[in-house]
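Asks: Starting from the known structure of chain H, fit chain V onto it as the hints suggest.
Chain residues, written in single-letter form:
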Amino acid sequence: MPLALVDCTSFYCSCETMFRPGLWGKPVVVLSNNDGCVIARSPEAKALGVPMGAPEFQWRKRLRDWNVAVFSSNYELYGDMSARVMTVLRRFSTAMEAYSIDEAFLSLDGMTWAQLAACAREIRQTVRRWTGIPVGVGVGTTKLLAKLANRAAKQGDGVLVLDHDSPAGHDLINGWPTRELWGVAGRLAARLADLGILTAGSLRRASRSLIRQRFGVVGERLVLELNGVSCLELEEVEAPRQNLCGSRSFGRPVTELEELRQAVTVHVERAGEKLRGQGLAASAVCVFLLTNRHRPDLPQYNPQAGRELIVPTAFTPELMGECQRILSAIYRPGYRYVKAGVLCLGLVPVEEKQGSLFREVDPAQEEKQRRLMAAVDALNLHHGRNTVRMATAGFEQRWRMRQDRKSSCYTTCLAEVPVARVY
Amino acid sequence: MTDFDFPATVHPVASFPRLRVEVPLFDSRVAAGFPSPAEGYIQRPIDLNEFLIQNQPATFIVRAEGESMIHAPIQPDDFLVVDRSLSPQNGDVVLAVVDGEFTVKTLRIAKQRTWLQAENPAFPDLEISEEREGLVWGVVTGSFRRFAYARTRSD
Numbered sequence: 499m500p501l502a503l504v505d506c507t508s509f510y511c512s513c514e515t516m517f518r519p520g521l522w523g524k525p526v527v528v529l530s531n532n533d534g535c536v537i538a539r540s541p542e543a544k545a546l547g548v549p550m551g552a553p554e555f556q557w558r559k560r561l562r563d564w565n566v567a568v569f570s571s572n573y574e575l576y577g578d579m580s581a582r583v584m585t586v587l588r589r590f591s592t593a594m595e596a597y598s599i600d601e602a603f604l605s606l607d608g609m610t611w612a613q614l615a616a617c618a619r620e621i622r623q624t625v626r627r628w629t630g631i632p633v634g635v636g637v638g639t640t641k642l643l644a645k646l647a648n649r650a651a652k653q654g655d656g657v658l659v660l661d662h663d664s665p666a667g668h669d670l671i672n673g674w675p676t677r678e679l680w681g682v683a684g685r686l687a688a689r690l691a692d693l694g695i696l697t698a699g700s701l702r703r704a705s706r707s708l709i710r711q712r713f714g715v716v717g718e719r720l721v722l723e724l725n726g727v728s729c730l731e732l733e734e735v736e737a738p739r740q741n742l743c744g745s746r747s748f749g750r751p752v753t754e755l756e757e758l759r760q761a762v763t764v765h766v767e768r769a770g771e772k773l774r775g776q777g778l779a780a781s782a783v784c785v786f787l788l789t790n791r792h793r794p795d796l797p798q799y800n801p802q803a804g805r806e807l808i809v810p811t812a813f814t815p816e817l818m819g820e821c822q823r824i825l826s827a828i829y830r831p832g833y834r835y836v837k838a839g840v841l842c843l844g845l846v847p848v849e850e851k852q853g854s855l856f857r858e859v860d861p862a863q864e865e866k867q868r869r870l871m872a873a874v875d876a877l878n879l880h881h882g883r884n885t886v887r888m889a890t891a892g893f894e895q896r897w898r899m900r901q902d903r904k905s906s907c908y909t910t911c912l913a914e915v916p917v918a919r920v921y
Numbered sequence: 009m010t011d012f013d014f015p016a017t018v019h020p021v022a023s024f025p026r027l028r029v030e031v032p033l034f035d036s037r038v039a040a041g042f043p044s045p046a047e048g049y050i051q052r053p054i055d056l057n058e059f060l061i062q063n064q065p066a067t068f069i070v071r072a073e074g075e076s077m078i079h080a081p082i083q084p085d086d087f088l089v090v091d092r093s094l095s096p097q098n099g100d101v102v103l104a105v106v107d108g109e110f111t112v113k114t115l116r117i118a119k120q121r122t123w124l125q126a127e128n129p130a131f132p133d134l135e136i137s138e139e140r141e142g143l144v145w146g147v148v149t150g151s152f153r154r155f156a157y158a159r160t161r162s163d
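If you're matching them up, the sequences are chains H and V in order.
Just remember that this note's numbering sits 498 ahead of the position in the first sequence, which is counted from 1.
Just remember that this note's numbering sits 8 ahead of the position in the second sequence, which is counted from 1.
Keep in mind that a hint or two might mislead.
[To be verified] Far from chain V by the CB rule (all over 10 Å, computed), these chain H residues:
#	residue
1	Asp505
2	Val566
3	Thr585
4	Val586
5	Ala612
6	Asp661
7	Arg685
8	Glu718
9	Asn790
10	Gly839
11	Thr909
12	Pro916
13	Val917
[Said to hold, decoys possible] Not everything, but these chain H residues come out facing chain V in the computed CB check (under 10 Å):
#	residue
14	Pro519
15	Gly520
16	Ala650
17	Lys652
18	Ala913
19	Val920
[As the list claims (entries may be wrong)] One-sided and incomplete, this derived list gives chain H residues near chain V with beta-carbon spacing under 8 Å:
#	residue
20	Arg582
21	Arg627
22	Trp628
23	Thr629
24	Gly630
25	Gly832
26	Val836
27	Leu912
28	Ala918
29	Arg919
Rather than coming from a laboratory, the hints here were simulated on the basis of the structure.
As the structure is a prediction and not an experimental result, all values here were calculated from the model.
Beta carbons: idealized from backbone N, C-alpha and C, even for Gly.
Extracted from the complex, chain H is given alone in its bound form (with noise of 0.2 Å):
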């Protein structure tokens, strides 16, 4: 089953130059929530040496003096760009997961090689053409060869095709190392590295029970996925913890608003949870609706929509009072939902704002909190939305300061759009 791995270009930076012609062909970052460090850098400010990571302040003399243009995160901008890369994606494939904000799985079933070197071609100068996003294209036949396919087309014009069984195949996995395979960490690495694995090749031709018995069923699926045999089905993998979405089809086509709710409740509800049970918070949510597109000779509409938060929050009735004003924005009578879904993006830990909001808090408060917004929780699902929106006040100052150099949210708001000089 031939799968590609789409994933888009240094993807902040591109939505950031997309409307800043002025830009292009500069170095440019995106920094961290707080401002606080480098998030995305273009590939002129990778090669001016700026890495991942980097401080701020510790690079703000630099930054000045090499003529980087620096950015705080926009992750309004963002979502909406992605909503637009994701909806031309979906145009190749009637299988798709979007794996994260900037990177999506097709499956491209039932294609010769040849026929899906061209689509991923295709696929590269769509996206590029309708939304300005430059994305890169692997195809494999698992999905850790895409992956693997992806990460190799970087250095090369951005698409390639592995078929892990014809020589050129065999001597990129050979040559591949293992600690640059997707789901490698570097302790994993260093274990395989104990028995003389250094490359996917031998990883590959290694033996399974081996790997498995030391390795369990995870080492033992990097083998299969290896050797063309799919063991990770689309959306199986867990999302990195950049971002989280709950999504569920209907059991039946949903067309009232008031169904909708009681599903995004139930979808942030469980985002919340989520968030707190690994102690992160979101930076921004977005919503988003699908109707049945295997039914064409129904009335289609898959809108999704975000907003960013005013401080990165994981209080539940503060994402369900943005989810639920977003849905209902996008909500329109007249069509069959089949599907709903919340997505949090731009995940940052909870420690690093407590250093800076929450310093004081005593752990007994931080438990009355966690009490309340269980109690606010089932207060808001029976009670209606605007319950829960009084926890939003008060903080507006300091999300302004902690965001000097934040772009204009050039696609979803009319005030914000790119000038154009008519002169």
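Replies: Just chain V, lined up with the frame of chain H:
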């Protein structure tokens, strides 16, 4: 910045706040044999997004500033709908990038030369050549505006 009072709260991807007209459109066709009128004729509300946007993921909105396209007609502060999926052709109004800035002009392609034509005699055309590189960002497919007096009124 405009003095528009668009809500800064939620910005749907697929629609502009307050741009949907919630006016039922009455179908003027008369079905013979059904003397009873309006019921059954109320259609979906007019949706300006549908009217202005053919290809949502490839469509962007920009605001015009300046008067060189006044006879297009594009007035200052008009919002322009830009579709990136269309191939630019001779005579299209395009959003172009010249010298690192966005500009809106009519694209003219002849045998030996390509230029961006102003639609106002007071403004010069922009020749696209080896010295001055130009790039079409997208094709302008429509425009919209609200009259100044309506922007502040709510009665």
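Asks: Which hint numbers does the structure go against, in order from smallest to largest?
Replies: Failing hints, ascending: 3, 4, 11, 12, 13, 16, 17 and 26.
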